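Chemist: Position chain B against the provided structure of chain A, taking the given hints into account.
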Amino acid sequence: MESDWTLTRLDGRDDVALVTVELHNPSPVDRRVRVTNRLSGPLLPPRRAGVPERGWDTDGFTGVVPAGDRRTLGYACPAPDERPPVEVRDEGRASAAASESTAAAAIRGLDAARPPADALPDASAAHGAGTASAAMETDAGGRSDDEAVSQNDDPPASDETPSATGTDPTVVPPSVAAWLAAAERRIERGEQLTDASAETAATALGGADDLAALDEAVAADAERLRAVSARAARLAERAAAVDVPYTALRRLA
Amino acid sequence: MIVAVAGGKGGVGKTAVAYNLGAALDAVVVDADLGMADLPHSQGPDLHDVLAGRADPMEAVCHGRVSLLPCGRSLAGARAADVGCLAEALRTVAARVGDVVVDCPAGLRADVGVPLAVADACVLVASPRRFALADVVRTRELARELDAGLIGVVLNRTADDDDVPADALRRTLGAPVSAVPADPRVGRSVDDERPVVSAAPDSAAAEVFRSLGDRVRTCKRERRGRDDHSVNSV
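Note that the protein sequences, when read in sequence, are chains A and B. Residue numbers in the first sequence follow the numbering used here, run continuously in steps of one, and reach 253 at the last position. Residue numbers in the second sequence follow the numbering used here, run continuously in steps of one, and reach 234 at the last position.
Please keep in mind that the hints were generated in silico from the structure rather than gathered at the bench. Since we're looking at a predicted model, the values are computed, not measured. C-beta: ideal position from N, C-alpha, C; glycine also. Accuracy of the hints is not assured; some may be wrong.
[Stated by the list, open to error] Computed from the model, here is a short list of chain B residues facing chain A with C-beta under 10 angstroms:
no., residue
1, Leu34
2, Asp82
3, Asp111
4, Ala117
5, Val137
6, Val164
7, Ala168
Chain B with its partners taken away, still in its complex shape:
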């Protein structure tokens, strides 16, 4: 199953959500931000190499606490990368390892469109600030157009005094909204490679990522059931 984590606005915490959801699902997290990668990168081939035809997608997967397929940092690499190959690369990794979580870039360009088009489902991330909400609605529209069902919306870094219009958001986007309270451990989790589901299993954030992971699994079972059913009926 391929799950795209998108959100329109940059800096709302898509990468942290993708990383921690990947940990909850034991999935490979792919950094699809071809121009401005976020996930840690070590030696070896990366997504730029895969999309330029220089490496096999599975070669670029780094196994750690959370398995990652990192992306290169250079503009030249971003220019040489063919986003048309991204669909095939994501399907290859999903076929080999099972679940893939794609950390999408900000914006509404082709590098967001392709993961959403390939994904079986998506998770949207928004900041509780009003300026970020319009972008998440636009991303929702794009996901709908590209047939990526919405599993849930994460309102990241909420504070006690935030007046979050969660109900309105749930009605507008048509999916459950969960709030991740501001927690420095979530922000640090990516750089420290310590996902909150294992580093702070009792935190509210860990609870959100676990339940999001459960919803992904439910969705996966439902899809499988539906596919079996359609095969049987044929």
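Chain A extracted, bound-state conformation:
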């Protein structure tokens, strides 16, 4: 068994090593091989649907390299360099295929069964229910909500007190407030970048790749806000014109 390895660093993350191993089996029979990680950190294998690909375990990889063929493996490991990063052991002629955990194969091969994060009810709605089970659900949902929040930096909608919407006419519903706050943040960021000096732009930029997306999002915000404002103005006018003749109606009833 001939083997060759490379060790590189993950872009922007000097603490994570990317290891590739190329295996070549020049012999005329299939051979089983064991590749063991020698780096000091935990091995992060390639995964599908959250489950490690076939052959990977916590220390390395076991698999078959077909006769006269090549096989390339790769994994990540948060650890300092060490050379060589792997130990490759030829375990001789491959016998019948070893059985693998079919539950893992089922998860890899079939579609995920989890409902999408977008389908989750608002965390504040669950708070309103106030039962023990609702509290537990919020707890569980909180974790997945965190993912969504970190993506678009929206504040959790539960900051608003839902009861206030009923009494104070100037407080808008929490979902509307959250939407406006998110739009405001995008617009502020866009304003920082409009006519900005190089330094301001550099500080305002997290990553350069999302600029086009930001521009599009702000343009969409502008259109949506104008539409909402026009509709809101029309509704406010109509609302002001409403004059229910309740005393006359009560007499009728």
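Modeler: Same frame as chain A, but now just chain B:
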């Protein structure tokens, strides 16, 4: 022994079959429908909690006329549940109580695949309507791929005028096909917690579930014999 009750199409009566088969076997019935649970749920931890690492599988088992491991109803719970832990949870319950019947969800996603992969055998449920038959054949293929032997096929809620292609189905699926005639007591059995094997022991449905239970036991004996044999030969 772990028996998965699957069937592809929703609404064909998988839950009623799983519940009544569980009663015939004196097994724990696990509601593995993580997104749309059916079995009755009371207070206490459920399968969502087990799969999110918040509860031990045995803690979530409710003992009643039929022992159940119910599943939570919330989308948040379904999202937090890791289907990868389902295999271990089912094995834990089976190791502690003996027999486990898993009520699988509809469809062919990972939450059906994992119970089929862990199960020693499976029972497929189909409605005698033609549209449901294609799905049961697909589920059969998945079970075959995941090494879950087929113990039997239940054609649920047959009526006298149904033209059931039982022979063709038996040939296609390679397992005995038994018909459960439409009987309101089967449909009500889950909600009322009154399995037909005890509530209506003379009914045709009870007879089907008893014989299905017998086939599971035979299969279990055969497996045990085979395992002993292979241990001896090593």
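Chemist: Next step is simple, just say for each hint if it's right about the structure.
Modeler: Now the hints, each set against the structure:
Nearest Cβ of chain A to the Cβ of Leu34 (chain B): about 6 angstroms, under the 10 angstroms cut. The hint holds. A hinted interface residue such as Asp82 (chain B) counts as satisfied when its beta carbon comes closer than 10 angstroms to some beta carbon of chain A; here the least separation is about 8 angstroms, so the hint holds. At its closest, the beta carbon of Asp111 (chain B) sits 4 angstroms from a beta carbon of chain A; the interface hint therefore holds under the 10 angstroms criterion. Below 10 angstroms, beta-carbon pairs count as interface contacts, and Ala117 (chain B) has one with chain A at about 4 angstroms; its hint therefore holds.
For Val137 (chain B), the interface hint is violated, since its Cβ never comes within 10 angstroms of a Cβ in chain A; the closest pair sits about 17 angstroms apart. This hint is violated: Val164 (chain B) has a C-beta 30 angstroms from the nearest C-beta of chain A, more than the 10 angstroms allowed. A least Cβ separation of about 28 angstroms between Ala168 (chain B) and chain A goes past the 10 angstroms threshold, and the interface hint is therefore violated.
Hint violations for this structure: numbers 5, 6 and 7, all remaining hints satisfied.
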